[in-house]
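Using the hints provided, position chains B and C relative to the given structure of chain A.
As given, the protein sequences belong to chains A, B and C, one line each in that order.
Residue 148 in our numbering sits at position 148 of the first sequence, and the numbers go up by one each step.
Heads up: take any position in the second sequence, counting from 1, add 1000, and you land on our numbering.
Heads up: take any position in the third sequence, counting from 1, add 2000, and you land on our numbering.
None of these hints come from the bench; they were simulated from the model.
Keep in mind that a hint or two might mislead.
Said to hold, decoys possible - Simulated pairs of lysine-lysine, DSSO-like, Cα-Cα distance not exceeding 30 Å: (1) 2127/C x 2075/C; (2) 2240/C x 205/A; (3) 205/A x 2127/C.
Note that the structure is predicted; figures quoted are calculated from it, not measured.
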Amino acid sequence: MKDRTQTLARGGGLILLLVLAVLYPQAWSNPAVVNYGVLALIFATAAVAWHIFSGNTGYISLGQAVFYGSGAYAMGIAARDWHMQGTAVFELLPLCAAVGALIAIPFGLIALRVRRHTFIVITIAIFFIFQLMAFNFWFTGGSSGLGSPFLSWAPKPYNQNFYYIALACTVGAVLIAWLVGRSRFGLQLRAIRDDEDRARGLGVKAMRVKLSAFAISGAITALIGGVWFYYIEQVEPQTGFNPLFDLTLVLMVFLGGFGSISGAVLGALIIEPLTLWLNTQPAFSGSISEVIIGAIFLLVVLFMPRGIIPTGGEFIKKIRTRGRPAVVPATTIGAAPSAPPASSVSSGGAR
Amino acid sequence: MAREITQAIVDGILVGGVYALMAVGLTLIFGVLDIINIAQGVLVILGAYLSYSLLTKAGIDPFLGLLITIPAMFIVGVVIYWAFISRLRGGERTSMTLLVTYAVGLIIEGILFKIYGADNVQISPKYVNSSVRIFSFYIGWVYIWGFILAVALVAAIYVLLYRTRFGRSVRAVMQDETAARLVGISVNRVAAFTFGIGVAVTAAGGVVFGETNAFNANSGYDLISRLLSIVILGGMGSVGGALAASVFMLSLESVVTIWQPTWAVAVYYAALVIVLLYRPTGLFGQKAVRAQ
Amino acid sequence: MTALLRTEGIRKAYGGVQALNGATIEVEEGTVAGLIGPNGSGKTTLFNVITGYERPDAGQVWFGDHAITGLAPDKVFAAGIGRTFQLTRIFPRLTVIENMLIAAQAKDRPRNLLAWFGRDAWTHHRKHALELLAFVGIDRHADVLAGSLSYGQRKLLELAYVLVADPAVILLDEPAGGVNPTLINLIADRIRLLNAEQGKTFLLVEHNMEFVMGLCSTITVLESGADVVSGPPDIVRTDKRVLDAYLGADLDDDDLEATALNKGEGR
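Just chain A, with the same shape it has in the complex (with noise of 0.2 Å):
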């Protein structure tokens, strides 16, 4: 069967991958380019994460800083006020998901009650405001922000080890992806993102539905964010909170493919290693990485608008099924079976 054979080549495939993922620091073991590695299942995480709430319900969110940010404070003032140190840091990552996804839900409840357009402002104004608070508050530093506890790996191993950590972290974003595409849940998602006031008319709680895929996503991204945070080891209210991140994972969604699992994490594949090469050139210093994310977004937008996974799939189908009629033909409909009898599924209902 065809359906079979399918399925074999895509689990065989994504085997590989994994397998090809796995040996990567071992073949190329210098820390430099196993840094590349680091920072790329990061932000591959976090464009996962974002594809499970915006690309299934189709709202953009611009705020995804928000918990990126907030999980890599939340493990820098626990580390500092628990004394934690070594590897045992490590624990606190839940932590971390579950600040993210405590944040989602006021979060939520207030930005998505109103018009998709409106909802991508208001992620970017509680961006600010999460920004703001990290200049001001207390506890988070000020303006020097956060140093992370102390970590006594050497410099290959460092790299090694947190390579694996964030490749295990992109695998579980993945498998949750994958499990809300295929579940009743994601097929709700997706129907609001057709057509919510339909999709509520018959019976979809779309508030209830929205802020769980926003909860889970926040959670993703947060625990990543612990992650970049013990890695990188500090955050700044203008690194944890920056304004560029949002905009780059929506550029990684939309050059790998909106809409789909394995177009955000190639489009962070991509962008992400790319972005670091130019700035270690010293023609692109300064602020021209700015430049060339809005560039390159800009190139995306106007040239391959769907991203590369669906342009491509589309040409690969072009060449499979040469000279068959695109459109599903309006056949004659055959003779009719008797009307299926009522329906045993529905439990009861005001009759």
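Only chains B and C this time, still in chain A's reference frame:
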């Protein structure tokens, strides 16, 4: 105490006029074109830098220089529209325009940074610090000119929209793009023109902003976040709402500064959040819900 | 016979336009009822009021013994009233079968986390959905994106949709609009089948007179937001008020009588 508060409110109203000018451009673009122009903040800074350069390099008074900067910014707006926004299609258009303008804003900011560096500057013509005394309140000349300018420009836009043939085309496009096309209105041309006008007012906003604040290339962020809050609070698409919200927010901030300068900016967001909890469309937002 | 669905004196205004002006209709249980009237007479608005998409300014909607005026759409749907839309409102980026499943899931609250994420809960939903798709004849396209269906196929999907929750009353908004004759006959056929075999009650809004006259046992005429005439097709077809409503009361009355006589209507 009462005197201080009144002075603060007066300041707030005057500064509010300046912000209203910038916010009106933003809300106009949204109301007519369904475009959220995130670059508006940076464009104000661009206008401010233009005026600054005109002053420091050519000695031209900033207000006079508006004769140059307003058309210049108009052209910038039209170019941005033609090059990037007009090519966007599809149902997710409004969200996409937001991202595109965000990207354009980033590029402009990066370029400004490269040209002017990180140092703060301020537009300082000779009269920038002089003020006039009315009923024991001190009002800076700059604010007065700025306020007059704001009123004049908003009135001009109103006249344009409601008393000219072009304005009729704009309002037609705002209501139904397809129908407008069917009666022969070149929608793209109207849109580009409108976008240009929405950006052109940033030249004026830039002058007054630049004279009353020290700024650099990064000042656009703070500015756009305030402008967005004002526009949402007033209701996206409502010019009157933008005016009312500007004055309200700035007065509030001004009064709060008396006690707590650090947190004064937070009132913006707090006010925004509170309003949205009760009126998701903003105070005066009456735009019909478009199919999403 | 009891009236299963009833409206009493519904009034609804939009700005200066009085869309509904005292609309009172009755639908008996187990019948196929029609709602006709010239454009702008308020038919779709009445549908919207009944199904909760609009709130009336005055008047009541009764479903059996319950007043359902002003209930939210999903509550009306849960109560057992389904409806289709004039401009088909399907989910274009979901597949046909996924469209059906969304309609199905409303009636089956998941018990635990597993039901949320697992696929097993869906098996009998899927089966039922596929049966319905086969009933309307588009089961072949179950895995196609709903957005790529032709207009006629979308109408069929909407019909299947509405049946998923097994409603007692089905409101169809222009089911034959813009559809080719073969499909019209199919739709009429399905409605008759559902009515005869399962006793479902239908209320249709339609402009296609042949369709309405041939299918409905009772027809109500709406004009300027109020009900004008109600009765079996033969009575309604020749009622002077109906002709006035459609043709305009300006026409000379003599001309109308002459037209009616020329058509050879009884006498």
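Out of the numbered hints, which ones does the structure contradict?
-> Hint 2 alone not satisfied by this model.
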